[in-house]
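**Student:** Could you build the full structure based on these sequences and the hints that come with them?
According to the UniProt record's numbering, the residues represented by the sequence shown are 1 to 134, in order.
Simulated from the structure, these hints should not be mistaken for laboratory data. Any given hint might turn out to be false.
[Unchecked claim] Taking lysine-lysine pairs in the PhoX-like style, the calculated list, with each CA pair at most 20 Å apart, reads:
hint, residue 1, residue 2
1, K52, K21
2, K114, K52
3, K95, K122
[Stated by the list, open to error] So the derived label-pair ranges between C-beta atoms look like this:
hint, residue 1, residue 2, range
4, G76, L25, 15 to 23 Å
5, R71, D123, 18 to 26 Å
6, G103, G3, 19 to 27 Å
7, H29, V93, 31 to 39 Å
8, G103, E70, 16 to 24 Å
Positions of the beta carbon are idealized from the N, C-alpha and C atoms, including for glycine.
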Amino acid sequence: MIGRLNHIAIAVPDLAAASAKYRNLLGAHVGQPQPLPEHGVTVVFIDTGNTKVELLEPLGDTSPIAAFLERNPSGGMHHICFEVPDIRAAAEVLKSGGARVLGDGSPRTGAHGKPVLFLHPKDFDGTLIELEEV
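**Tutor:** So this is what it looks like as structure tokens:
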């Protein structure tokens with residue numbers, strides 16, 4: 001069902017500082033910050049050629065990333081994102097297999113303008129999984 005790895009997301013306490021490290025120390029191509037109020041984050045994508053790294057900074061105190069950073073003040077890996085050809089079909093297969101889709105179970109528009117869903121980390125060995133339709 002899953003396709004290629006779309007991105008690995010890292011929560012960071014300071015998006016500008018994290019972006020500068022990737023650009024200046026690793027020589028990475030770093031995109032522009034994108035505020036995503038519907039997800040409570042500002043993101044920056046780093047293109048690695050074969051996938052992306054997504055840096056996430058909280059957008060307000062109610063952001064799920066703010067809660068993550070309270071537990072992990074230095075930041076850390078937040079989720080991994082896989083591509084799927086049909087997100088609604090994937091959700092049905094996962095739910096029928098006992099996996100929990102977070103939120104109301106309906107896809108939302110993600111940072112790439114495509115439908116996304118998140119799967120409960122307790123169902124995937126402690127890892128939050130994002131699915132993105134391609």
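**Student:** Confirm or reject each hint.
**Tutor:** Here is how each hint holds up against the structure:
Taking the CA atoms of K52 and K21, the gap is about 16 Å. The hint holds against a cut of 20 Å. Simply put, K114 and K52 have alpha-carbon atoms about 16 Å apart, close enough for the 20 Å limit, and the pair holds. Proposed proximity of K95 and K122 is supported: the alpha carbons are some 14 Å apart, at most 20 Å. For G76 paired with L25, a C-beta distance near 18 Å keeps the hint of 15 to 23 Å intact.
One distance hint, 18 to 26 Å for the beta-carbon pair R71 and D123, holds here, with the actual separation near 20 Å. The hinted range of 19 to 27 Å is satisfied by G103 and G3, whose Cβ atoms lie roughly 22 Å apart. Against the hinted window of 31 to 39 Å, the Cβ-Cβ separation of H29 and V93 comes to about 35 Å, which satisfies the hint. Our hint of 16 to 24 Å for G103 and E70 holds, since their Cβ atoms are close to 21 Å apart.
Checked against the numbered hints listed earlier, the structure breaks none of them; every hint is satisfied.
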